[in-house]
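Line order of the protein sequences matches chains H and W.
Take the first sequence: its letters are residues 5 to 497, numbered as in the working numbering.
Take the second sequence: its letters are residues 5 to 497, numbered as in the working numbering.
The hints are simulated quantities; they were obtained by calculation from the structure and are not laboratory data.
Hints should not be assumed to be uniformly reliable.
The list makes no distinction among identical chains, and a pair is therefore deemed to hold if it is satisfied within one copy or across any two copies.
Each computed SDA-like pair below joins lysine to any residue, with the alpha-carbon atoms no more than 25 Å apart [as the list claims (entries may be wrong)]:
1. LYS126 to PRO397
2. LYS488 to ASP176
3. LYS10 to THR50
4. LYS126 to ALA317
5. LYS146 to PRO98
6. LYS10 to ALA72
7. LYS10 to ALA61
8. LYS210 to PRO200
9. LYS10 to LEU59
10. LYS10 to LEU101
11. LYS210 to SER110
There are 2 protein chains.
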Amino acid sequence: MTAYDKLEALFTRLIRLDQALGFLSWDTAAMMPPGGAASRAEQTATLKALHHQLLTAPEVGAWLDEAAGLTLDAWQAANLREMRRDWLHASAVPGDLVEALSRACSASERVWRSARQAADFKAVAPFFAEVLRLTREIAAIKGQALGVCPYDALLDQYEPDARSAEIDAVFDDLAAFLPGFIEQALARRPSPPKTPAGPFPVDRQKALGLEMMRVLGFDFDHGRLDVSHHPFCGGTPDDVRITTRYDESDFMRSLMGVLHETGHALYERGLPQAWRHQPVGRARGMSLHESQSLLIEMQACRSPEFLSFAAPAMARAFGAEGQPGWDAETLYAANVRVAPGFIRVDADEVTYPAHVILRYRLEKALLAGDLAVDGLPSAWNRGMRELLGLTPPDDRLGCLQDIHWYDGAIGYFPTYTLGAMTAAQLFAAARAAVPGLMTAIAAGDFRPLLSWLGERVHGRGSLLSTGQLLTEASGRSLDAGLFKTHLSQRYLS
Amino acid sequence: MTAYDKLEALFTRLIRLDQALGFLSWDTAAMMPPGGAASRAEQTATLKALHHQLLTAPEVGAWLDEAAGLTLDAWQAANLREMRRDWLHASAVPGDLVEALSRACSASERVWRSARQAADFKAVAPFFAEVLRLTREIAAIKGQALGVCPYDALLDQYEPDARSAEIDAVFDDLAAFLPGFIEQALARRPSPPKTPAGPFPVDRQKALGLEMMRVLGFDFDHGRLDVSHHPFCGGTPDDVRITTRYDESDFMRSLMGVLHETGHALYERGLPQAWRHQPVGRARGMSLHESQSLLIEMQACRSPEFLSFAAPAMARAFGAEGQPGWDAETLYAANVRVAPGFIRVDADEVTYPAHVILRYRLEKALLAGDLAVDGLPSAWNRGMRELLGLTPPDDRLGCLQDIHWYDGAIGYFPTYTLGAMTAAQLFAAARAAVPGLMTAIAAGDFRPLLSWLGERVHGRGSLLSTGQLLTEASGRSLDAGLFKTHLSQRYLS
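Taking the hints into account, I'd like the entire structure generated from these sequences.
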């Protein structure tokens, strides 16, 4: 058994442990009664501790060094690179520091829940300050181990090999572009179209969601749709669990959420079969994952072509055939209306990046020590004015709205907008490469699109870096211009 | 840290791992799409291997020996006794033998599914023979480690400290009693009463089940009701998951199943809070667990008193108030009709023990080598004639009906009937000890019963042996006479 073989055996165990953790996490969000939370936290902590213990066992570092001298094929070499990344992240930081952060996050997240309700930033500030203090310590250590700056070390956990210097350039450009563009888009469609009024019964919304998942090729032999407060895609490539939530006054919200999560699910389902239990077989990173959900939701399913296919099915689902407002044109007009608001998760495609850029800039400043925790609310509101021309009336609609920071997820936000740009670029490449792609989508046939994505994105797992994958699939590195072109075509024409 | 403290820390981890495995197993039965099975099997195998690895680490045996010399209170001493039992079962058998059995069971269980469909015992016989061969080897090794005969070593996995010599005496007595009793019961109620005809819609059956669970005190903040092919009670004491299945032509079957599983759930919920993550905090064994489900279902909920309370709720659930057949007398008469049949899981309270005694005798003979696998079908049919006067027309309705043996569960069957006898004995003790118990049940008030059970059974965890617990709770050791008295009162009066 070579050192590489030993590593493969170890990582098979680790990934099965990860998968078990994934199901527990799905269960927590979708099934668990509230009284199960405390004991669930203990089960999860035990599995995570075992994972950490196995990954950081003394012999693993030596195996990694030894395997680096072996002759490996491209997939094995990429696998070894991802193993080393996992190992560096896990072994760089002393166990008691990881535990301290985990405890600080639990406390901060708990206080955040009531602080958000009460719009009381001061209540959570000391808890968040502790999370930030420990995160900075960890970021510094990991940065040293990975040879990058502290922020990039955090980023690397979610988006391997991403660098904030590159993101800065792209985001600065987009931040300069957005305010003027938003103004133009608002002028283009000043008032919302008259869309169908509800109520839209939950069981019919669910039936419609399931129907559209089938249209997209979701395999119910290998997955489920359930309900959770925050929609997500969980489970494993062989058993993908997506969730949604229902609002009886607005069926489009749940439906588009279902299509979004289906995009994530199709990525997971398409990961390379032969590498299911190795790091190289995992999805490439959060940007690419988000690009797959946004490609399906924003690029494909909010298109006039898809809506021309789906509008009759929507009307049928609610027994409203032939009634006004159910035509594809009205539904499309409603989908492409820009409306700046305070809340990120409610934002449209155009204003969403502004929310993300704000968070990215602030979390970098917090991590660098350029922004103190106490100064966060006013810095937030200043940023909102600059980017969206809005001043939140309180911190509930401002810097308390998202769970991420209070739960220790710093370095995650940029992946949303990197994903949106990647989606636009990949979809443009697919349209150019596949004749009749939009005609097929207008007929409810996603096979041409999924075949292209399967070959260029899904089936490659983590073989390439995100940048390499994008360049091979689309012929160029990340280009914000394609995202701007997409926005212009959809929102100004 | 004393050796005992080290053991407590280890077993906390082990029990959290057990709980994670419990949720995966619930998910497999209640939620998982079929395509997830293969990767679920791998997740489960990984967690089980880690469990085994932790429990059989070289230092554990020394800790157990060292802790035996320490001064411990009664709970700690009982905890140490249960730790040693777990350790003996895990460490006695070489790992490759455990793995070989696990593989043999998977193969045999898979073949059994189609063999049962085709009523083709010969197809599964060689696979079952391999399961039996490995089980005999393991039973011999464990018997040596535990100082008991091989069959009792298997029994000990499900019913700690039980001995087949004692079961033989009780079952022989019952086997002599049953044929005559069944004849008398059939003569007492020769034809079934005219009960309400369906269909009974699934959503209304579910609502009725949930309503009755609430009446029994099931806490939905700490549990759920779902659907699975084989009803069971899973999850953890803090998050108990029970399942049922629905037959639109027979609501009583699902409802009684729900009440049965609720009995299991109430036991789990009532386990001692302070010992949730230690072996002594677990349920005592399968007999006592089954006694709690049968006490709730058979003793309490199939009583005329409970049916007088529940009959109006049942009629209401199906919009059948005032219609014929929905009165408590008719429903009770339907519940106490004896009908010998081929299938154990369809059997009534009176004929059920005959099915169990048959299996117990046969599995003992198989393990001892007194019965060859090839001889099983004819031995089965001979036993059915002797105990129930019936000859199965084929092995599907005979020795292929249950999954247990083909999946390696040998030594489990007797716990069903030990549980039925224990239920009768505990319920008689509760009635004698709690004035107004049946009046309360007739009013849908289970608090007096649950308070007695909580103190005498649920809250004791594994502090006492099953025999000690029963003696302290009921004033005597297991007495089949109380079960016979119960049957006489219900089926002959």
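(message) As a check of your reading, is LYS126 near PRO397 (CA-CA no more than 25 Å) within one copy, between copies, both or neither?
(response) Answer is within; shortest intra-copy Cα gap is 16 Å, inter-copy 77 Å.
(request) Could you place LYS210 and SER110 in one of the four classes (within, between, both, neither) given a Cα distance threshold of 25 Å? (result) Close neither inside one copy (33 Å) nor across copies (37 Å); limit 25 Å.
(message) At most 25 Å between CA atoms: does that hold for LYS10 and ALA61 within a copy, between copies, both, or neither?
(response) both (13 Å within a copy, 21 Å between copies)
(request) If the cutoff is 25 Å on CA atoms, where do LYS210 and PRO200 land: within, between, both or neither? Let me know, please. (result) Classified as within: same-chain Cα gap 18 Å, cross-chain 34 Å, threshold 25 Å.
(request) First find the shortest C-alpha distance between LYS146 and PRO98 inside one copy, then the shortest across copies, and answer within, between, both or neither for a cut-off of 25 Å. (result) Within one copy, since 11 Å is at most 25 Å while 42 Å is not.
(request) Evaluate LYS10 and THR50 at a C-alpha cut-off of 25 Å and name the case that applies: within, between, both or neither. (result) Both, since 24 Å and 16 Å are each at most 25 Å.
(request) Please work out whether the CA atoms of LYS10 and LEU59 approach to 25 Å or closer within one copy, between two copies, in both situations, or in neither? (result) So LYS10 and LEU59 pass the 25 Å test inside a copy (12 Å) and across (23 Å) alike.
(request) Go through the copies and call it for LYS126 and ALA317: within, between, both or neither, with a Cα cutoff of 25 Å. (result) neither (49 Å within a copy, 52 Å between copies)
(request) Evaluate LYS10 and LEU101 at a C-alpha cut-off of 25 Å and name the case that applies: within, between, both or neither. (result) Classified as between; 23 Å across copies, 28 Å inside a copy.
(request) At 25 Å max between alpha carbons, let me know whether LYS488 reaches ASP176 within a copy, between copies, both or neither. (result) within (14 Å within a copy, 84 Å between copies)
(message) When Cα atoms must be at most 25 Å apart, do LYS10 and ALA72 count as within-copy, between-copy, both, or neither?
(response) within (13 Å within a copy, 39 Å between copies)
In this structure, the hints that do not hold are numbers 4, 11, in rising order.
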